[in-house]
Structures are given as structure tokens and as C-alpha cells.
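Colleague: Residues per chain are reported as follows:
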Amino acid sequence: MASLTVDSSLAADDPVQLFEQRRRELARSKRAMNLLFLALFAAAVVASVYVSRFYPERLASGLPRIFEYFGTIMPNLELDKLFLPRGDNGKAVPGSIAYWYSDFWTYLRLIAETVAMALTATILGAVAAFLLCFPASRNLAPNSVVYHLSRRFMEICRGVPEILYALIFVFAIGIGPLAGVIAIAIHSAGALGKLFSEVNENASMRPVEGIRGVGGNWFEEMRYGVVPQVLPNFASYTLLRFEINVRSSSIVGFVGAGGIGQELNRVISLYSDDRVVAVLLMIVVLVTLIDVFSERLRLAFIGKENFR
Amino acid sequence: MMANSLPNIDDKTLLSLRNQYPGAFGATSKQLIRTLVVVSLVAYTVASLWYFEVWRLASASDRAWRLISAMFNWQDMANWQYAQIYSGIAQTLAMAFLGTILATIAALFIGFLAARNTMPISPIRHLVRRMLDVLRGVDQLVWGLVFVRAVGLGPLAGVLAIFVSDTGTLSKLYSEAIENIDRKQVEGIRATGAGPIKTVRYGYLPQVMPVFISQSLYFFESSTRSATILGLVGAGGVGMIIIERFRANLFDQVTFVVLNVLVCIFVIDWLSKKIREKFIGETRH
Amino acid sequence: MLKIEHLTKSFATRNAVSDISLSIPQGQMVGIIGRSGAGKSTLLRMLNRLADPTSGSIYFENRDIAKLSGKALYEWRASCAMVFQQFNLVGRLDVLTNVLTGRLYHHGIMSSMLQMFSASERAFAIKALDRLGMAHTALQQADTLSGGQMQRVAIARALVQQPKILLADEPIASLDPLNAKIVMDALRTINREDGITVLANLHTLDTARTYCDRIIGLQDGVLVFDGPPEKLTLEMAREIYGAEAEEAFSEGMTSTALAGVPAKERLTERDLQRHSDMSMS
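Residue numbers (this note's numbering), protein chains in the order written: chain A, 1 to 308; chain B, 1 to 285; chain C, 1 to 281.
So that you can see chain A by itself, here it is in the shape it has in the complex (with noise of 0.2 Å):
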């Protein structure tokens, strides 16, 4: 104890000395908060690993399982045969692509029936979205009473994820791609409405006051003094949202919802598994050109906006 008391006497004049008591007072202030912190966050791992039962044992014999699947899954290709077409009786060689690929129009059918449940449900959500966003902005609510019916009906519609909407419309309209397209048209004006919305809370409202002023009414005043400036955000903002779609429309066929998800979810459970992977090839190429594509298309509308 005394050591210490002339140690901090000391200190007083040691610029040396002075720092290393700072940081030490700093050093223990800090300490216990990230003590706390890193306690918590232990906490947290240790109680999701029991909750989910991620067990180090049953990691290692899943492990290897994995892989062993992913194994069986590759198509069985050999090279001398991989170009031999169909035989004289319409069937196709073990070990060529067109065996691998022997359901290859039904696939392009159904990737053509994905994209085009996609581009409906987009379609439709956006319709919806334009509707509902004006009375959802702030700035433009002709009353707080539908300002907040319809900021509340949006929270529900992006709220449920669109495959649980798929399989309440499976379930009410019936197996086939129509529930798929409402499922994804009701969650796509959730998002989009939200979206269009802020870019609607952003707009300037100089012109809507013109209009205002010059004896327009409500919907005249939207459709003269909001919508020109929002538009070509709405559109940028719609073609992501078809991005997006795209993938929705791909899995709610697991619920039956049509689309090449069904096919996926079929080849899978059946144990065809070759086919699980050329369905994942195309999906994943499907995919990567919508992206590019609708990427284009939105660099052109943006371009074209900075052009101006």
C-alpha cells in the first residue's frame, strides 16, 4: 500500500507515468463494458447451439454426408459419349448430355413460365404499389385516418414472406402457377409501396403547391405535381423488384405454386438426383441474365436521368 501511494505521488509530475494511469483508468471503464458484451455474446452462442441442436457430433457425421450427397447429385458424364444424340428408338445414351439433359424442353417450359409469373407479379405489385403509395407518404395524405390504413396494409402485405401467401393461395385456389403470382404480386406492393413511398417523401412539393394553386385537386395535383418527378425512380426501383422476383418465383413452386420450383422440389424428393443438378444450372443461369439484363436496362435509366 505504501509503495503505491508514493508511486502515484510521483506520477504527478512523470508525463510517462501520467499517461499510464489514464490509460489504465480508461483501459478498466472499457473493460467491463466489453467484458459484458463478450459475456452476452457467449451467452448467446452457447444457448443457439443447444436451442438448435448444432451439436459438434452431429456436425461430424452430417459433414461427410454433405458431401457424399453433392457427389451423387453431379451428372454422370462420360466424355466419348457426351455429344452422342438420341439413338433410332428416341432414347438417349447413359453418360451424354442428352440424356443428362433428356427433360431439357419441359425445363425451358417451365424457366419460361417462371419468368413470366415473375414479370405478371411485378406487373401487378407495382400497379398496386402506385396506387397505395400516395396516401402511404407523408407529405402527400390527403388525411392521417388513410395515411395510416394504408401504411399499415403495406407492413402486411411485405410483412409475410411470399411463400407462406403461396401456400395459403395453393391452398384456397389450388395447385398451379396462378397462386404463385398473387403471392408475389401482394409481397412485391408491400415492398415496392414502401419503396415508392420515400422516393415520394423526397419529391419536391413546389409543384404540387402549383398545382394546388391553380385549382387542381387531389389526384390532380399526384398525377401533375408527384408523378413526373417519381417516375423514373418508380421504374428503376420496379425493375430490382423483378430481379428479386424472379428468385420468389423459382422456390414457391415448393409449395406447389408453379414455376420451375416445382420441378425442383420434385426431381429432389425422388431421388432423380443428376436432374437436381441441371435444374439448379438453369435456375442459376436463368438467374445471372435476368441480372444482367435488368442491370442494363436500369444503367440506361439512371444514365439517361444523369444525361439530363
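25 Å max Cα-Cα, derived BS3-like pairs, lysine-lysine:
{"no.": "1", "chain 1": "B", "residue 1": "K273", "chain 2": "A", "residue 2": "K194"}
{"no.": "2", "chain 1": "B", "residue 1": "K184", "chain 2": "B", "residue 2": "K172"}
{"no.": "3", "chain 1": "C", "residue 1": "K127", "chain 2": "B", "residue 2": "K12"}
{"no.": "4", "chain 1": "A", "residue 1": "K30", "chain 2": "B", "residue 2": "K278"}
{"no.": "5", "chain 1": "A", "residue 1": "K91", "chain 2": "A", "residue 2": "K81"}
{"no.": "6", "chain 1": "A", "residue 1": "K30", "chain 2": "B", "residue 2": "K273"}
{"no.": "7", "chain 1": "A", "residue 1": "K30", "chain 2": "B", "residue 2": "K274"}
{"no.": "8", "chain 1": "C", "residue 1": "K164", "chain 2": "C", "residue 2": "K3"}
{"no.": "9", "chain 1": "C", "residue 1": "K67", "chain 2": "C", "residue 2": "K3"}
{"no.": "10", "chain 1": "B", "residue 1": "K172", "chain 2": "B", "residue 2": "K198"}
{"no.": "11", "chain 1": "C", "residue 1": "K231", "chain 2": "C", "residue 2": "K3"}
{"no.": "12", "chain 1": "C", "residue 1": "K164", "chain 2": "C", "residue 2": "K67"}
{"no.": "13", "chain 1": "C", "residue 1": "K71", "chain 2": "C", "residue 2": "K3"}
{"no.": "14", "chain 1": "A", "residue 1": "K194", "chain 2": "B", "residue 2": "K274"}
{"no.": "15", "chain 1": "C", "residue 1": "K164", "chain 2": "C", "residue 2": "K127"}
{"no.": "16", "chain 1": "B", "residue 1": "K184", "chain 2": "B", "residue 2": "K198"}
{"no.": "17", "chain 1": "C", "residue 1": "K127", "chain 2": "B", "residue 2": "K30"}
{"no.": "18", "chain 1": "C", "residue 1": "K71", "chain 2": "C", "residue 2": "K164"}
{"no.": "19", "chain 1": "B", "residue 1": "K172", "chain 2": "B", "residue 2": "K273"}
Per the computed footprint, the stretches of chain A lying under chain B, defined by three or more beta-carbons under 8 Å from a beta-carbon of chain B, are:
{"no.": "20", "segment": "36-47"}
{"no.": "21", "segment": "58-65"}
{"no.": "22", "segment": "110-119"}
{"no.": "23", "segment": "154-163"}
{"no.": "24", "segment": "168-175"}
{"no.": "25", "segment": "282-294"}
Hint data in this document are derived by calculation from the structure and do not stem from the laboratory.
The structure presented is a predicted model; accordingly, all values stated were derived computationally and were not measured.
Every residue gets a Cβ at the ideal spot worked out from N, C-alpha and C, and that includes glycine.
Once you've looked at the hints, dock chains B and C against the given chain A.
Modeller: Showing chains B and C alone in chain A's frame:
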């Protein structure tokens, strides 16, 4: 006063004005193109809806009404297995948490491999990037389905699915953050004679860490959202409870579970926003 | 005749406009002066009903404008045009469509949503643009114009409304001296040729003196001066402008005064009487 009617403009003036400003009267080419786009979009929508058999909506009304009334008519609430429902929600959160942490760890390494400034060997960089593209290109739900086939039903498949798809996206975002850093700070560290590992530690990490943490938090948020539906294909969590109840036609319980999940997601969104604001000092992602 | 009686607008803590009574004969050109925040804008916005008065009334042709709502309110706004400091045009629409928005009140929901304007309306709009020397820009996008050009387009929009009153809220505050002169000249021409009452908020004293038949001075929302420009003494003006006096006077030197102001042609009461007779018939 005739304020509401236009003054008469005789045909001759009108004609001369028409000749002077032809664009002001007839439709311009821009308007024509716009009309054409709108008409073709409408035509497409009508045709596609016809192809999707839209009339089934009309015949389904009876079934739909039964479904809706069942969903909002909560019966026998005392016998619902609340413990099972809430442990399912907890499991979903745990899956999202573990999956995001594992993906963060993986992305910490892969991110540096995919960034131009930290991985000068371009074949390796391109290989890593293409692999990440595949991980991202396949939807999380598809990964769930694949892992369920590989390791069986349960949350393990869910964690792996989240891990794989989040690794794809997080690595890409991390590598972009690494590419966007300030070169001068790295040069400063390198000038002191630090090796590559030390350069990363003192030149890169202090710059990218806040971005990394905020991205990961954001992904925890979005993973909780997506983890709820992983159960639909059997990959554990609350989704399995939803689909079981749905198959058993217990629609009232489905509504209850979904509402609970929505509240949960709302709370997590809010918490993560607060954390990001407090620790990283960003107001909006 | 526009009659304002005890018009008041109060915000949470203070009155922006308090108890103003005025009567303005048809065809007069009135300049409203005062420092920033004196309530000039609020007064004009209440006349067009972009702002609702807290109390008081506005009478025009035996109707209380302050009590209008719904369709009648839109009709009033259409017949009482407004020109703004920041022009308030729709930047991404072309000039012609911007001018045509002045006709919106006369359109049903279908034709206005689909931008269907008749050929005679278009011709009328072009003539209005032509009066302001802007017809050559009719198909240009509005946000490619300069500030002065935009204000002239805004005045053309006001013209196709065929208003009885034109309110101008600081119409030249954002413009350079030359454009300010063009715009003020245009406003006076409209006032003289069409017999439209013009009420303009003007920040600079000189502009008000040069162009207006009558000057109204506001101070903290209270009417402190009302009379012809020559009655406005220097002391009175200093009182009205307060700390901003130097700025208001010196700006006056450089703004509309620059290009050489033409001789005043102020209307007498008899001229005004003749004007209103003409518009009645």
C-alpha cells in the same frame, strides 16, 4: 364574365398555330412510344393472367372464405402447444444467429480472397468470385432443400443453408468494402515495414471493421426473416410448426404463429437498428 | 372588388397576420411591402386559400372566400391565380403541359389523368406563352429553363387560368435584375391590358414604387401603411423595413431600376372605374 370558357379561337388562327408548332398538337414520338409500352404491358398482363387461368379466383371464393374465417376464428386456445410454438421461434432465431456468425467468419477470409487489392493473383480471385456467384445464385430455400436431403430434417440443415447463402452475399459485400478503402492508410502501415498479415491487421481491419459489423447485423436481421420459411422444406425452426399446423388444417394456429413471428422480426429490426446507431454511428443502412 | 375584413392567421405562439381589413377595386396593381416574416406571404396564401385563415373573411363577388370548400374552393383557386417565388413548375413536364395545368379545373378526372387537352386549349396556351415571349420553348422540359424563363412560364400558366386576380408571392426575389424587370413589366402589362387585379409581395421598395398603383405596408402582421406610392415617406419606409432598410433600398437601386424605368403611367380612380365597367359588360 365568362371566366370558365375559352375565348373563341377561329379556325384560321388555330391552323396557323398548328403549322407553327406542330409538336404541340399531334402526339409526339415520345408519347407514341410511351403509349405503345403501356398498351403492350397491359396486353401482356391480360394474356398471362389468362394463361395462368385467372378465372379460378372466382370459383375459389367459397374455399377462400372458409380459409379466412378459419384463420381468424381462434378456437380451443387453451390446448395449443405454446411451448412447442415458442421453442420453434427460438430455434429460428438460433439458426439465424449461428448461420450468420459462421458466415461472418467464413466471409472474413473469403472477402480478402475476392478483393482486387488484397488478392493480386487474378485466377484465384476469379475462381473465388464465381463460386460466390453460385452460392448467391441458388436461393436459400433451395439450399435448405438440398441440405435436408443431405443431413436430414431439422435445424442443422437450416443453419447450413443460412451459412452457405449468407457466405456468398457477405463475402461479396466484404470484398467490396475492402476494395473501397483508403489506400494511403495501408501504404502508411506498409512503410513501417509491416508484413502482409500485419498490414491487414493494422491497415485494413480498422477501416473495414465497422462496415463488416454493420453488414453482419443487417444480415442477422434478414436471416431471421428467411429462417422462418426454411422450415417449410423441413429445415427446422418455426416454419416446420407453421407447415405442420397448415397440413393439419389448424389455420387459427397458423395465424397465431405468423403473428408472433412478425412481432419477433419487428423487435429484432428495431434492436439491430438501435445497435447499429449506437456502436457504428450510422443512421441508415 | 376584393374585400378583406379582419383577416387573422395565428400560429402556436404569434399572429402571422392580425386583423387586416382592406378593399381592393378590380384592376388595381397593389404592392405589398414589409421585411421578411412580416406576414406578406401568409396574407397572399390566405387569399388563394393555400393557407386557411384563423378568423376574418374575404369577400369577392358577394361570396365569403374564407368559407369555401370542395369544388367551390378549387373554382376559386382557378380564378385567383398565384405566381410563386420559386416558380413551382413541374420540372419534368414540358413547358406547354405546365401551362396547360392552368386549365385543370375545367377538366374531368379522366381527361386530366390522361393529359387530354383540347386543340383550342393548346392554342390558347401557346398564345399565352407567346405574349411572354416564351412560345419557342413550348416543347422543352421545364427544368431546362433559366429562372427568369420559368417565371414567365408560370405567368403564362396563370394567364390560361383566365383569372380575375393574380397573386404574386415575391415573383422576382430569385431573379437577376434584367429578368426581374421583364417579369415585372409582364405583370403590369397583364394588369393594364386584361384588367386583372395584381397583388404582389415585393421585397424591394423601389420596385413597388415603380410599378404599383397602391402600396400596402405590413409590419409583424399588422397593416401599417395603405396608400399611393407618393404618400409613402422615407421615414415610413424605414419604419416598415426596420433593420432590413439598407438592404431593401440598395437592392432597389440594382434591381428593376437598373435598366431604366419607363415613365410612370399610374391609373387614376376614374381609369379603374372604366376598367371594371368594361369587365362587367
